[in-house]
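Undergrad: So you can see what is in the structure, the chains are spelled out below.
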Amino acid sequence: MNTAAALPILIPLVLMIIMIINRSDTLARWTGVAGSLLLLACSVYLFATVRHSGILTLQAGGWRAPFGITLVIDLFSGLMLMAGSVILVAVSVFSVRFIREDCCNNRFYVFFFSLAMGLNGSFITGDLFNLFVWFEVLLLSSFVLITYGSTPQQLKGGVKYLALNLLGSLFFLAGTGLFYGETGTLNMARLAELLREGEYSASLNVSAILIFVAFGIKGAVFPFHFWLPASYHTPNITITSLFAGLLSKVGVYAMIRVFTLLFMHDQVFWQHLFLVVAGLTMVIGGMAATAQYETRRVLSYHIISQIGYMVMGLGIYTPLGIAGALFFMIHNMLAKTAAFMVAGLIRRVKGSYELMEIGGLYRERPLLAVLFIVPAFALAGVPPLSGFFAKFILIKAGLEDGHYWITAMAVFTAMLTLFSMIKIWNEAFLKKTPGNHPGINPPVRLNWIDLFPPAFLGSLSILMGLFAGPVFRFALEAARVLTNVSPYIESVIYGLSP
Amino acid sequence: MEVILAILVGILFTAGVYLLLRRSIVKFIIGFIFISNATNLLVFMASGLLAGAPAFIRDEGGEKIIMADPVPQALVLTAIVIGLGITAFTLALKYRFFQVTGTDDLDQLKRTDQ
Amino acid sequence: MNSVILQIAEKYIRWLLLFFALTALLRGHHFPGGGFIAGLLAGLAVVFRSLAYSEEKVFRDFPVRPVTLLSAGLIMILLSFLPAWLTNRPFMTGVWVKPVLPLAGELKLGTPLVFDTGIFLSVTGVILLFLFSLKIPEKWK
Chain X
1 MNTAAALPIL IPLVLMIIMI INRSDTLARW TGVAGSLLLL ACSVYLFATV
51 RHSGILTLQA GGWRAPFGIT LVIDLFSGLM LMAGSVILVA VSVFSVRFIR
101 EDCCNNRFYV FFFSLAMGLN GSFITGDLFN LFVWFEVLLL SSFVLITYGS
151 TPQQLKGGVK YLALNLLGSL FFLAGTGLFY GETGTLNMAR LAELLREGEY
201 SASLNVSAIL IFVAFGIKGA VFPFHFWLPA SYHTPNITIT SLFAGLLSKV
251 GVYAMIRVFT LLFMHDQVFW QHLFLVVAGL TMVIGGMAAT AQYETRRVLS
301 YHIISQIGYM VMGLGIYTPL GIAGALFFMI HNMLAKTAAF MVAGLIRRVK
351 GSYELMEIGG LYRERPLLAV LFIVPAFALA GVPPLSGFFA KFILIKAGLE
401 DGHYWITAMA VFTAMLTLFS MIKIWNEAFL KKTPGNHPGI NPPVRLNWID
451 LFPPAFLGSL SILMGLFAGP VFRFALEAAR VLTNVSPYIE SVIYGLSP
Chain S
1001 MEVILAILVG ILFTAGVYLL LRRSIVKFII GFIFISNATN LLVFMASGLL
1051 AGAPAFIRDE GGEKIIMADP VPQALVLTAI VIGLGITAFT LALKYRFFQV
1101 TGTDDLDQLK RTDQ
Chain P
2001 MNSVILQIAE KYIRWLLLFF ALTALLRGHH FPGGGFIAGL LAGLAVVFRS
2051 LAYSEEKVFR DFPVRPVTLL SAGLIMILLS FLPAWLTNRP FMTGVWVKPV
2101 LPLAGELKLG TPLVFDTGIF LSVTGVILLF LFSLKIPEKW K
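Chains as they are written, first to last, in my numbering: chain X, 1 to 498; chain S, 1001 to 1114; chain P, 2001 to 2141.
Hints are computed from structural coordinates only; laboratory data are not their basis. Here the structure is a predicted model, which is why all the values come from computation and not from measurement. Heads up, some of the hints might be wrong.
[Claimed, not checked] Reference excerpt, derived from the structure (chain X facing chain S, CB under 7 Å, subset only):
(1) Phe129
(2) Gly177
(3) Trp405
[What the hints assert, rightly or not] List time: in silico SDA-like cross-link candidates among lysine to any residue, alpha-carbon distance up to 25 Å:
(4) P/Lys2135 <-> S/Ala1092
(5) S/Lys1027 <-> X/Phe226
(6) S/Lys1094 <-> S/Ile1082
(7) P/Lys2135 <-> S/Val1026
(8) P/Lys2011 <-> P/Ile2075
(9) S/Lys1094 <-> X/Gly61
(10) S/Lys1094 <-> P/Glu2055
(11) P/Lys2135 <-> S/Ile1029
(12) S/Lys1094 <-> P/Ser2133
(13) X/Lys431 <-> X/Arg365
(14) P/Lys2057 <-> P/Lys2108
(15) P/Lys2135 <-> P/His2029
(16) P/Lys2135 <-> S/Leu1093
(17) X/Lys423 <-> X/Phe226
(18) P/Lys2108 <-> X/Gly61
(19) S/Lys1094 <-> X/Val133
(20) S/Lys1027 <-> X/Val144
(21) P/Lys2135 <-> S/Ile1080
(22) S/Lys1027 <-> X/Val213
(23) P/Lys2108 <-> S/Pro1070
(24) P/Lys2135 <-> X/Ile21
Note that CB positions come from ideal geometry on N, CA and C, so glycine has one too.
Looking at chain X on its own, in the form it has when it is part of the complex (with noise of 0.2 Å):
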C-alpha cells in the first residue's frame, strides 16, 4: 500500500483547484511552472521507487484487487509519467509569453491541469473502465483547449476533433462493456490471468475489435487519422505543442498495455494487423507530409508517421520490438514537442507559418536555426540524436524478426521524414526573405523564456541520444514487465512484489 502512487493524480486535482479559485494571470503562470516542477519530481520519485523495489499497487480504499479500484505504476507506466511530466514542464514555461495572445489567461491553466490529470491517470491506472474514464477526463480537457480562442478556424477544426474522438470513446465503452459481459471482470491484472487461464468465445474478438478501433482513433492510426491534421493546426501553439507531445501518445500507451496484456490469444491475427497498419500509417502520413507547406501542418502529418513506427514496434512483439516502440514514444514526446515550439518562435518572428511566405532566419537568427535543427534532424533520425537509435532499435528488431518489409518501408519513411525536414529548413532558414513579405517590423525580441522551453527539450533529445545505452536499457527492462506479464499479475492481485 502506497499512497504516493495516486500523487500524479492529486498534484494536478490540487492545482486545477488552486487554479479555478485563482484570479491573478501573473500567479497562475508561475503556479503552473511551479506545479508542473513539482510533478515532475513526482514522477521521477516514482520510477526511482518502481525500479528499486518493483511494481507499485494501490487499492483505494482497501478493497482487493479485483474488486476495488487499482492503481498501478510498472517501469512502463513510470517511464512514460516522467515523459508526460518533462513535456508539462517545458508547455508550461512556454505557455508564459504565448498564451497571452489569446483571452482569459488563468482558464488555460484550468484546462491545462486536468488534462495533466487525465494523462496521469490513464498512465496509472489498472483497470480497464477507469482507462475510459481518464480517458474522457484528458479529452474533454482537450476539446476546451483546441477551441480555445473561439475564432472561426478553431470552432471549425475543434467540431472535427470532437466528432471523430466522441465516437472513438463511444467505442471504447462499447468494446468494455461487452468485454465484462463476458468475462466478468475489469481489473486488466485479473483479466490477463484469466485470458491466459482458458478459452474464450469469438465474442472476444468483438470488444478487442472495437477497442483496437478506440484507441486507432486516439492514437491517429491510419485509417482513423483524419482528425490530426484537421485540426492540430488551428488552436495556439502552445496547445498544438502540448497535444502534439501528449494525446496521441496515449492512445498508444493504451494500445501497447492493452494489447500485451489482454488480447494476445490470436497473436498472429493481431502481429499481421498492427504490422499492415503500421507501415500505412507511416507511408501516408509520411508523403501527406511532403506536399504540406506550412510549418504546423508539416509537423502534423508528421505526428502521424511516426505513431507508425510505435504501432511498428508494438507489432513486432518481441521485447526488443516493444522496447523500440518506448524508447521511440519518449524520444517522438521530446523532439515533436520542441519542433512545434519552433514553430511558434518563427511565427512570432516572421508574423507567419506558410513556408512560402518566410525566410532568410538563418542569417537573422541563428540561434533559432539551432534550435530547429535539433528536434528536427532528431525527427529525421540523424546520428548522434535520439531520433537515430529509436529507428536503429526497430529496425533492427524488425531485422530479428523477419519482417524485411515493414522494415524497407520504416527505412523509406525517414527518408521522407528527412525531406521535409529539410524543406522546411530551406524555406524558412536558407531561402531569402521573399520580397513581398518583409515580416515584422520592428523586430521581435526573443527573450530566455520564449528560447528555454525548445532548448532545453532539444538537449534532453541530445543526451537521450548521447547516452542511449541506459535509456535503452530501462526502456528494455519495461518491455521485459510488458511482454512477461506475470510479475504484473502476482504484484496487482496478490500483492507480491516481484
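Fit chains S and P to the supplied structure of chain X, relying on the hints for placement.
TA: For chains S and P alone, coordinates are given in the frame of chain X:
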C-alpha cells in the same frame, strides 16, 4: 426482455448513425446522444438482466437472494455522467460556432483541411 | 415565460425538490441515491425557477457564484481523503465515527458523506454553470 432491449439498441444505433451523417450540427449532436445512450444500454445489458432483482441488498442472514450485478450499473452511471458533460460541451460549442460562423452546415467546414 | 401558475407552483416544488435532494444525499451510501443524483435534483430546482421567472433574475438573486460552489465541492472531495491518509490507512478508505445521540440512537458519520457532499456541491455548481453559460452568456461573464 433482452431481445427487446437488443432491438432497441440496434434501432438507437441506426438512428444515431443516420443522424451523425447529416450535415447539420444539431442533428449531429442528437445523433451523438442516441449513440451514447445505445452504448450505455449495451453496457447495461452486457452482464445479463435480472428483472426486479436489486443491486443493493441487506444482509438477510444466510438466505440466498437473487441479486443483480451492480458493476454494470456503476459503469453506466459513470458513463451517463460523462455523457452529460460532453453533451453540454457540444451544445456550448454549437452555440459558439453558430455565433462565430453564422451557419449550422457541416459542409462549410471543408477548408480547415485540404 | 411569465406564468403566475408556474410561479406559485415553483414556490412549493422548489422545497420539495430540495428536500428530495437532501434525502438522496443522506441515504446515498448504503441505498440508491448519492451525491450526483442529489446534485441533479438541486440543480433541477434552480432550472425550474429559471423557467418560472427568467435566467437573469435567478442569476441576480443567486447568493453564490456557481464557480464557488464547484470549487467548494472539489475542496470537500480533497478533504475527505485526509482522514484516511492521516490515520495511515489505504488511500480513500472510509473513516467512520459513530456518536450515539440521546434520542435518535446511533448516528453514522464518515468520510464517504463528506465525499458525497463534495460531489453534490460540484454537480450543482456544474448544472448552474451549464444553465447560465448557455442561456445568458453575455451577462454571465
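Undergrad: It remains to establish, for every hint, whether it holds in the given structure.
TA: Cross-check of the supplied hints:
A cut of 7 Å between beta carbons decides the hint on X/Phe129: the least distance to chain S is about 6 Å, and the hint holds. For X/Gly177, the suggested interface contact is upheld, since its CB lies about 3 Å from the closest CB of chain S, less than 7 Å. The beta carbon of X/Trp405 is not positioned within 7 Å of any beta carbon in chain S (closest approach about 30 Å), and the interface hint is therefore violated. For the hint pairing P/Lys2135 with S/Ala1092, the CA-to-CA distance comes to about 10 Å; that is within 25 Å, so the pair holds.
The hinted pair formed by S/Lys1027 and X/Phe226 meets the criterion: a straight-line CA distance of about 21 Å does not exceed 25 Å. Restraint check: the Cα-Cα separation between S/Lys1094 and S/Ile1082 comes to about 18 Å, which is no more than 25 Å; the hinted pair holds. For the hint pairing P/Lys2135 with S/Val1026, the CA-to-CA distance comes to about 17 Å; that is within 25 Å, so the pair holds. Between P/Lys2011 and P/Ile2075 the CA atoms are separated by roughly 31 Å; this puts the pair beyond 25 Å, and the hint is violated.
Restraint check for S/Lys1094 and X/Gly61: the C-alpha separation of about 40 Å exceeds 25 Å, so the hint is violated. Of the pairs offered as hints, the one joining S/Lys1094 and P/Glu2055 holds, with about 20 Å between alpha carbons and a cut-off of 25 Å not exceeded. Restraint check for P/Lys2135 and S/Ile1029: the C-alpha separation of about 18 Å stays at or below 25 Å, so the hint holds. Simply put, S/Lys1094 and P/Ser2133 have alpha-carbon atoms about 13 Å apart, close enough for the 25 Å limit, and the pair holds.
The hinted pair formed by X/Lys431 and X/Arg365 meets the criterion: a straight-line CA distance of about 13 Å does not exceed 25 Å. Between P/Lys2057 and P/Lys2108 the CA atoms are separated by roughly 39 Å; this puts the pair beyond 25 Å, and the hint is violated. Proximity of P/Lys2135 to P/His2029 is assessed by CA-CA distance (about 34 Å); at most 25 Å being required, the pair is judged violated. For the given pair, P/Lys2135 sits about 13 Å from S/Leu1093 by alpha-carbon distance, which is consistent with the 25 Å threshold.
The hinted pair formed by X/Lys423 and X/Phe226 meets the criterion: a straight-line CA distance of about 23 Å does not exceed 25 Å. Restraint check for P/Lys2108 and X/Gly61: the C-alpha separation of about 18 Å stays at or below 25 Å, so the hint holds. With a C-alpha separation of about 24 Å, the suggested pairing of S/Lys1094 with X/Val133 holds against the 25 Å cut-off. A hinted pair counts as satisfied when its Cα atoms are at most 25 Å apart, and S/Lys1027 with X/Val144 qualifies at roughly 21 Å.
Distance restraint check for P/Lys2135 and S/Ile1080: the Cα-Cα separation of roughly 23 Å lies within the 25 Å cut-off, and the hinted pair is therefore satisfied. For the suggested pair S/Lys1027 and X/Val213, the alpha carbons sit about 24 Å apart, so the restraint of at most 25 Å is met. A threshold of 25 Å between alpha carbons decides the hint, and for P/Lys2108 with S/Pro1070 the separation of about 24 Å falls inside it, so the pair holds. Restraint check for P/Lys2135 and X/Ile21: the C-alpha separation of about 23 Å stays at or below 25 Å, so the hint holds.
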